[in-house]
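Each chain, letter by letter, is given below.
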Amino acid sequence: MMTSGSVDLIWPASITGGAMQQQDIDIVIVGGGGAGLRAAIAAAESARKENSQQRIMLLSKVYPMRSHTVSAEGGAAAVTSDEDTLQAHFDDTVAGGDWLAEQGVVDYFIRHAHRELVQMERWGCPWSRKPDGSVQVRRFGGMKTARTWFAADKTGFHMLHTLFQTSLKYPEIERLDEYFVLDIAVVDGAVAGVIALKIATGELTLLRAKSVILATGGAGRLFRFNTNAGIVTGDGMAMAFRHGVALRDMEFVQYHPTGLPGSGVLITEACRGEGGILVNKDGYRYLQDYGLGPETPLGEPQNKYMELGPRDKLSQAFWQEQQAGRTGKFGDSDVVYLDLRHLGKDYLHERLPFICELANVFINIDPVKEPIPIRPAVHYTMGGIETDANCETCIKGLYAAGECASVGLHGANRLGSNSLSELLVFGRLAGEQASQRAATVAFADSPALEEQAQAQKTRLAQLYDAQGEENWVELKRELVLSMETGCGIYREAEGMQDTLETIRNLQARYRNIRLQDKSQAYNTELMQCLELGHGLGIAEATCLGALERKESRGAHKRLEENFQQRDDVNYLKHSQVFFNAEGPAQLHWQDVDTHLSAPAERAYGDAGKGIKQ
Amino acid sequence: MMTKKLSIQRYLPEQGNAPYWQDFDVPFDDSTSILDALNYVKEELDGSLTYRWSCRMAICGSCGVMINNTPKLGCNSFLREYEGPVKIAPLAHFPVEKDLIVDMEPFLDHLAAVQPYLIDDSRLIDDNEEGTQTYKQTPAQMEKYKQFAGCINCGLCYSACPQFGLNPEFLGPAALTLAHRYNLDSRDQGKKQRMAQMSREEGVWSCTFVGFCSAVCPKNVDPAAAVNQGKVESAKDMLIGIFKG
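Chain order of the listed sequences is A and B.
Here this note's numbering = 1-based position in the first sequence + 715.
Here this note's numbering = 1-based position in the second sequence + 3.
Next comes chain A alone, as it looks inside the complex (with noise of 0.2 Å):
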């Protein structure tokens, strides 16, 4: 509030000693998003069950419809039709993750996923409806058929609102918004509870927890050119690594084939599912000469059939065109063009309202007149923090969901609108657990707790004290741009070491940065500042995996002659980096779960006919 008056500056009483807030809380969720709305709603039902009274304490670094899952826009999968089953999703899935998929989580996924489409329905999301009201289901790329539950062009925003204004309805869900979690709090191998700064004073507070979920998304801001939102920074990615959770998969980072030259801002698959084309310069289809022939006619499409193979691979396309030199021009990007128009006006504005929207703000073309220019950007992270099939860490009573967490449901490549029914039935699985564990175990003694969040205590103190010349602009950028260019479409070893190696420098350079802003209030450089050192522990993980995978899988590609093709021999393992506190991060091999479906050829348009997927 305004106040008037000169007063000096002051520090924070919180970071300069003084009593921390104190509260204690059964379950702590990190992340207001759709994975930590749904465990929030699915732990508040949980202890009802049980006729449990259990504090619930939602935390988030900005209001939960301000999260991430509002930019999703294609749709949710589940099987729905009656020509469609079970078998060929959990086969699409695991095709399309290259093999490095956990079968198990894949088994249980599909079987829930229908159930939590129907429930989000029934608290009032508004999904796309036939003519006779049921609802309506969409194609989209490496799905045999069409199981994509949608709301326009707009469905992760009417997830994340459903999911939120129904959160309302419980008041055992409480929650702290616009509080930025420093750390966890970790007694005896056990989750204790995590330490926050409140953003709008800088005030710390501690919360006793017996079971907390990290639900904190993805890290795409990692790269320069990106499809997420500026809080898609890794966080509790970040905080799981520290404290010795293994960061899995790392190196498979997702490109969506269509975002906008400029500013990254996605233009949904959906397009491509409702049947728009993507065509080089010339106006060719290119993706024939991908291995996802023959084309399909125009207004017909056909699944896993061109535009409708899966983001890996056309992302990949494009990079080989663009090394062709038959891609386009659109400003300073190379892009090639999705072309809509024989869609017609009426169809667009009814199933993509928003990418109209969209395409005229940010590049002023119209949809219906003009083909849309783009181009891949980094769009989702497929590893993240390791968790059991129960969505538990290694660190009993941490839980993860959603995109920061590896349950091992993607491999080497995730499906379009697999993530989206994922957050639901992981939410909701990680929910359940939280609140069970919670319901089992006392809390840990304070006195432990208290030295850890002194120690975040002092940790920000110096942050704040520091005389150092680095800023985080500097150091920021250096990152994003080497991530790009060490760890893009196509690696090899050379760019891959340079950028570990000013990963590392900057790591260094870090120790010795400097706030230029002092204050408490929104201090929204020293959140810059947290985020930045968040994504340089995550970007070492991730080039780390990537120099160590001496294959190609999924959207992993190699350059390198020997290291073109998928190697089961040696590398059907997922990857598993640990940190250091003393070194380099540290590199192990996991093996997978293919109990149910043996590796086999992964293939797409006619190539894939006769394949089982």
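Read the hints as simulated data drawn from the structure, not as lab findings.
If you're wondering where the values come from, they're calculated on a predicted model, not measured in any experiment.
Treat the hints with care, since some could be wrong.
Calculated lysine to aspartate or glutamate pairs in the EDC-like style (CA-CA distance at most 16 Å, straight line) [said to hold, decoys possible]:
(1) 195(B) to 225(B)
(2) 884(A) to 106(B)
(3) 913(A) to 240(B)
(4) 7(B) to 86(B)
(5) 139(B) to 847(A)
(6) 147(B) to 1065(A)
Label pairs and their in silico Cβ distance ranges [said to hold, decoys possible]:
(7) 108(B) to 1324(A): 28 to 36 Å
(8) 106(B) to 1231(A): 18 to 26 Å
(9) 1231(A) to 108(B): 47 to 55 Å
Non-contacting residues of chain B with respect to chain A, defined by C-beta distances greater than 10 Å in every case (computed) [said to hold, decoys possible]:
(10) 24
(11) 30
(12) 95
(13) 109
(14) 111
(15) 156
(16) 169
(17) 204
(18) 205
(19) 217
(20) 225
(21) 238
Heads up, the beta-carbon is just placed ideally off N, CA and C, and yes, glycines get one too.
The hints should help you fit chain B onto chain A, whose structure is shown.
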């Protein structure tokens, strides 16, 4: 590159000063949004500048500010649209916390007050329930509320609303629109509960139908229409109450 002068209203509570204006020269081209310009200032000129933003694609609702006295989203307003210097201030009618950040808590309280969720008597979906079904809702039934479900909670309409400016207890355009959205949903049975909120003094009847809320809505939700339809519903509700004695 051309440059443009940005005049930004600053307020740094810990320095104890009253709000003041500060000018910055910002390079721009056809694609530079107001949000891009703010990011430029923060990264290149003054790291203490404080504002909210996230999705930068007009769907998260974070970056509402007054641009030349009109409430707008920073991310989908562009410097090219403005002739002279551009004045940027925090959203009107909300308490200012710091620079362009306002206190959104009253707004959230108003949203929560109208019970903005589907109220029905069906139970949750059970673990053992097989072949669960959705409600049927035809496209025509959905059309009735669809537009009103598009609100991104950016708060621009509250900055545009003179009544909210006079009385912050007024539930306001977004909350009343959300209530109306659920009232119109064929799956909902909670209208009666919500009408109590909508019909009270700070509900629909506080609106004097200026209509500026709809003019500034970045998503064409048309809150003014929702509030007016809400008045009709409220009147019917009261009449029925009278007849029923």
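Going through the hints against the structure:
no., hint, verdict
1, 195(B) to 225(B), "violated, 23 Å"
2, 884(A) to 106(B), "violated, 23 Å"
3, 913(A) to 240(B), "violated, 43 Å"
4, 7(B) to 86(B), "holds, 9 Å"
5, 139(B) to 847(A), "holds, 8 Å"
6, 147(B) to 1065(A), "holds, 15 Å"
7, 108(B) to 1324(A): 28 to 36 Å, "violated, 58 Å"
8, 106(B) to 1231(A): 18 to 26 Å, "holds, 25 Å"
9, 1231(A) to 108(B): 47 to 55 Å, "violated, 28 Å"
10, 24, "holds, 15 Å"
11, 30, "holds, 15 Å"
12, 95, "holds, 14 Å"
13, 109, "holds, 12 Å"
14, 111, "violated, 7 Å"
15, 156, "violated, 5 Å"
16, 169, "holds, 19 Å"
17, 204, "holds, 23 Å"
18, 205, "holds, 19 Å"
19, 217, "holds, 17 Å"
20, 225, "holds, 15 Å"
21, 238, "holds, 26 Å"
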